[in-house]
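Got chain P sorted already, so can you dock chain B onto it with the hints?
This is what each chain is made of:
There are 2 protein chains.
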Amino acid sequence: MADQQSLYFEDFHPGQVFELGSFTADAADMLAFARQYDPLPFHVDQDAAAGSIYGGLTSSGWYTAVMMYRLMYNGFLNEQTGLGSPGLELAWLKPMRAGQRLHGRVVVESVRQSKSRPEIGFVASTATLSDDGGEVIYRVRNTGIFKTRSG
Amino acid sequence: MADQQSLYFEDFHPGQVFELGSFTADAADMLAFARQYDPLPFHVDQDAAAGSIYGGLTSSGWYTAVMMYRLMYNGFLNEQTGLGSPGLELAWLKPMRAGQRLHGRVVVESVRQSKSRPEIGFVASTATLSDDGGEVIYRVRNTGIFKTRSG
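Sequence order for the protein chains is P and B.
Per the numbering used here, the first sequence runs over residues 11 to 161.
Per the numbering used here, the second sequence runs over residues 11 to 161.
Bound conformation, chain P alone (with noise of 0.2 Å):
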């Protein structure tokens, strides 16, 4: 992997992967977010999320997308040639519970410099969180833009 201080439009090209380490679910973190922004009864209320559909507390979709994008923004966005999304599409596949340790990986899927803009350009890519056994519980299709050398 290439450093990711480095890392300009052209530094991508499609099939290449990025690991992007992991994290452990944080119940009290998990809590505090979906008090704040999410509090369906099953992510803040123990006896609710055990008589719902999933079974326990499961976190906040939302934070789900933000942990997985911290590991993005760490090891894959880049402070200095990133320049945002126009969009995503985002898939929550499994519930994500306290004390699970997820892995984050992104694949670029292909590029493509802006005609009107050459200064940038479009790296689309999908990124999974996995759990320990290799299972998917999340997935993010991005278009990311990126500054180009010549920008």
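Calculated from the structure, these hints are not laboratory results.
Just so you know, same-sequence chains aren't split out, so a pair can sit in one copy or run between any two.
In silico EDC-like pairs for lysine to aspartate or glutamate, Cα to Cα no more than 20 Å straight-line:
#1 Lys157 <-> Asp55
#2 Lys157 <-> Asp57
#3 Lys157 <-> Asp48
#4 Lys125 <-> Glu20
#5 Lys104 <-> Asp141
#6 Lys104 <-> Asp55
#7 Lys157 <-> Glu119
Below, chain B without anything else, positioned relative to chain P:
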């Protein structure tokens, strides 16, 4: 609009519109969120932002997403009958900036009861966040899971 507390799967139908009210983007909140989750220079650094393609500080897209979700949570989803979402597609169409007043709206696109689990159904919707001039700055196409009355 029906009482938000009473909405089961059967209460949704294509074309139904929910006006979600509005909020004003708060500079301090935007900055606090970006520092914690998304510290790209154009989200947290006034000078860097001024020199960026965005021409000034912008909200983290995740903050926009979460604020829109809060509007949906209060005016569309339901603590008693809402069961989360398998995934969604979102688009950041324009930067969100501090001081902007933003209006949320959801339009129901389609509804489908689960065949394997008739106690739940899927409600596909498109939600938008618009500025005072009516320009859409953010759009999310979501599939929500709701309890059926028989469930």
